[in-house]
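K.L.:
So you can see what is in the structure, the chains are spelled out below.
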Amino acid sequence: MLRGIMKRLDSDRRGVSNVIVVMLSLILLVVIVTNVIIWSYQMNQFDWERIHEDVQITDVGPLNNSVWFTAQNEFNINVGAHLSGTYLDTQTDNSQYERFTEGSNWWNSSFMYRRQITILNTVSTTLQANYTVSVTTDTASLVSAGKALANGNDLRVVYLSGNSWVELDRNLQDMNTGSTQIWFSTQKSIGPSASDSSYYVYYGNAAASTPPTNLHNVYLWFDDFNRPNESDITAESAYQVKTGGGTWSIENNQLKNIGADGDPNKLIITALGNVSSGVDMLVNIQVVSFAGGDTSRMGLSCCMDTDPSRGSGYCGLFYQDYTGPDLLNDLRSWGTYGTYSWSLNTSYYMRFRINDPSSRSGMVKIWPVRSPEPNAWTLNGSFGTGPARSYGEIGFAGSRTSDTTYFDNITIRYAATSEPSTSLGLEETQANNKLDIANSFLIDLATYPLGRIKTVEVLMKYRTSDAGDTWYLLMHNWTSSVFGSAGFNFTTGVTPTTGWDYYAINLTDQWRSYVNENGTISIEFANQVADSNQTTLDVDFLGVRVSVDGSFFSINNKGSTTAHLVSLWVDNATVHQNYDVNLFINSGEQADYIRLDVSLTGTPLVIRVVTDKGSVSVFSLS
Amino acid sequence: MNNMKRGFLNKRAITPVLSTLLLTVIAVAAMAIATTATFVVTSNLRDQMSERVVIEDVWFNNFTDTISVYVRNVGKVEVTIPSVYVNQTSQSFTKPFNLNIDEHKSLNILDTWTTGSLYYIDLVTARGTHVAGYYEAP
Chain U
4 MLRGIMKRLD
14 SDRRGVSNVI
24 VVMLSLILLV
34 VIVTNVIIWS
44 YQMNQFDWER
54 IHEDVQITDV
64 GPLNNSVWFT
74 AQNEFNINVG
84 AHLSGTYLDT
94 QTDNSQYERF
104 TEGSNWWNSS
114 FMYRRQITIL
124 NTVSTTLQAN
134 YTVSVTTDTA
144 SLVSAGKALA
154 NGNDLRVVYL
164 SGNSWVELDR
174 NLQDMNTGST
184 QIWFSTQKSI
194 GPSASDSSYY
204 VYYGNAAAST
214 PPTNLHNVYL
224 WFDDFNRPNE
234 SDITAESAYQ
244 VKTGGGTWSI
254 ENNQLKNIGA
264 DGDPNKLIIT
274 ALGNVSSGVD
284 MLVNIQVVSF
294 AGGDTSRMGL
304 SCCMDTDPSR
314 GSGYCGLFYQ
324 DYTGPDLLND
334 LRSWGTYGTY
344 SWSLNTSYYM
354 RFRINDPSSR
364 SGMVKIWPVR
374 SPEPNAWTLN
384 GSFGTGPARS
394 YGEIGFAGSR
404 TSDTTYFDNI
414 TIRYAATSEP
424 STSLGLEETQ
434 ANNKLDIANS
444 FLIDLATYPL
454 GRIKTVEVLM
464 KYRTSDAGDT
474 WYLLMHNWTS
484 SVFGSAGFNF
494 TTGVTPTTGW
504 DYYAINLTDQ
514 WRSYVNENGT
524 ISIEFANQVA
534 DSNQTTLDVD
544 FLGVRVSVDG
554 SFFSINNKGS
564 TTAHLVSLWV
574 DNATVHQNYD
584 VNLFINSGEQ
594 ADYIRLDVSL
604 TGTPLVIRVV
614 TDKGSVSVFS
624 LS
Chain X
17 MNNMKRGFLN
27 KRAITPVLST
37 LLLTVIAVAA
47 MAIATTATFV
57 VTSNLRDQMS
67 ERVVIEDVWF
77 NNFTDTISVY
87 VRNVGKVEVT
97 IPSVYVNQTS
107 QSFTKPFNLN
117 IDEHKSLNIL
127 DTWTTGSLYY
137 IDLVTARGTH
147 VAGYYEAP
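Going line by line, the protein sequences match chains U and X. Residue numbers for the first sequence follow the numbering used here, beginning at 4 and rising by one. Residue numbers for the second sequence follow the numbering used here, beginning at 17 and rising by one.
Please keep in mind that the hints were generated in silico from the structure rather than gathered at the bench. Since we're looking at a predicted model, the values are computed, not measured. Don't take each hint at face value.
As the list claims (entries may be wrong) - Calculated pairs, BS3-like style, for lysine-lysine (alpha carbon to alpha carbon, straight line, at most 27 Å):
id : chain 1 : residue 1 : chain 2 : residue 2
1  : X       : K121      : U       : K616
2  : X       : K92       : U       : K561
3  : U       : K616      : X       : K111
4  : X       : K111      : X       : K121
5  : X       : K111      : X       : K92
6  : X       : K121      : X       : K92
7  : X       : K92       : U       : K616
8  : U       : K561      : U       : K616
Start from the sequences, fold in the hints, and give me the full structure.
P.N.:
Below, the structure is given as structure tokens:
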């Protein structure tokens, strides 16, 4: 058959063109018909969906408050304990509640009392960790009241690291007096002008054992030289001599220097390396032979070069005569000298402090051992006109002639330009039941942008078993990084009944300090004073909401297809205002649409929403 | 080789080949023209079928003494509105007034109006689609 067709085509020369024409005509016809059917189907479907759209605005009104934003995670319990329920029970005001109980959060039950220590960084730079601070308290009255041991063994310093307690080494000075100094080292840096209240002093344990008093953990450097005699202390890796005149030995538990020719003549504490901060150095110094004149000099030194002329630095010295200390910038210039009459074979304290080497100023204080430290500096002056130095190595300055000097009990600590202040809180007893719980709440910024929020409100429904406490709602201030209530409309706390009570606060126009950029608000709820009652707290509801000036639109989709709203009209007699919308509502569902940029003023109003297919729903608001 | 030799020897064989080629070329050209014409015609048909325009809002503006007709193109082709009639009277407005797909904007008719009167506003697209309705001036 195929052969027949081919033969016929071969014989009929017009056959090929006929086939082409017929085939192309058929293709063309199919394309046209298909396109028309597809386009028709598409637009018919569009029209069909539009016909079946049934969007209705059921309610419109002003919106002054958001919904309540409640806890989405379990509460953090800073002090106290959880008894029953979960955070889910605090999300709605109903009969379900979460229960907490007070606790003591006490470091060691053998100690009856404690006082909280607050360290305030008084400078505008960060106070580094391991800064040695002291807090002063009247231990004589504690001893006489039977609250502390006379030897101070039960006086302990403890650091609260998160939920863990860490006992710190401490150094007591003038124990059992009206002004005992308790020295310890900070465990964490403190930001500029910020404070840290994570430290406590505990006492009241008659059976207290030996406390931790490792002064190496209290100071940047400490050495009492209490070890066997050594002819050359530089046999110890911690010390090194530069430039090398004289000898440095340990004799009778003291550091002994016999001077010799050499400039400068230093014993460097190489174990400290370069110290890149201001330092305060304190040492016992006793001169037993003193030739006098330009080469007689002994004392302390810091900011020493390591290269090329190692050992050159700032010095606070007994120099030349017995009239007072002098400041020296090694090999560059002599500075201010002070007035203090000192004697041979007498033990003195010498304190030497450099806060900022670039300022070329230093301080020296001299006073006899076993005498109280004077408040004023013996010498507070300049190192002269020689070029200023940088931070560097630290050590002792020895005489350039055959003078003999004994040093003992050197302590070195960091020194800020302004010392941090320390304060002690009220005395707490061990039976100090408290409760302190906290949680975070997240505002939906997608619906309630920060720029549209007027203020923030907090509402709590709670019940306590003790009506004697005063309770506070505090919020984390993201600017100052502390919990507080500054700017609230109500800051005095509440004294509850033993029934259900409401506690509501408004953050007024200060709300922005308490809401961070992602909308988080951290709330703390705590009672003010610890007592012997172990109060329980029931929280039925705790929520946060924002105040706004907007409008809500309840829209019902009764149609059989999903409606896509694209336009909103708010018309009054004088103005027709259009707002772009992008809202999908599934078939059979209702949506509460919120607009914070729409104000329903100038009634009567005609509200109109338009779908992407052109359906319009109208609502009249009188 | 023998066939080629025979073809060159047979002088009458060239005419049928040429005629066949010519007919084929004519047929292809005719179909190309027909295809183009069909494309043009069906494109216009498709555009006309896909045109959907809605009037979202009509604002009889007291301050400007104009009628602002807010229109939205919800169809699948671009739309041009060359003519607007109010009560069958052609109105002037800023031209050209084009609406891309999903575009929406206001068409301001430069005509005075009377409070309480009913107006029949008719927008006519370039493809001849009418979008019309009665609106009462407040």
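K.L.:
Each hint: holds or not?
P.N.:
A quick look at each hint next to the structure:
no., hint, verdict
1, K121/X to K616/U, "16 Å, holds"
2, K92/X to K561/U, "26 Å, holds"
3, K616/U to K111/X, "26 Å, holds"
4, K111/X to K121/X, "13 Å, holds"
5, K111/X to K92/X, "22 Å, holds"
6, K121/X to K92/X, "17 Å, holds"
7, K92/X to K616/U, "11 Å, holds"
8, K561/U to K616/U, "15 Å, holds"
The earlier numbered hints are all upheld by this structure, with none contradicted.
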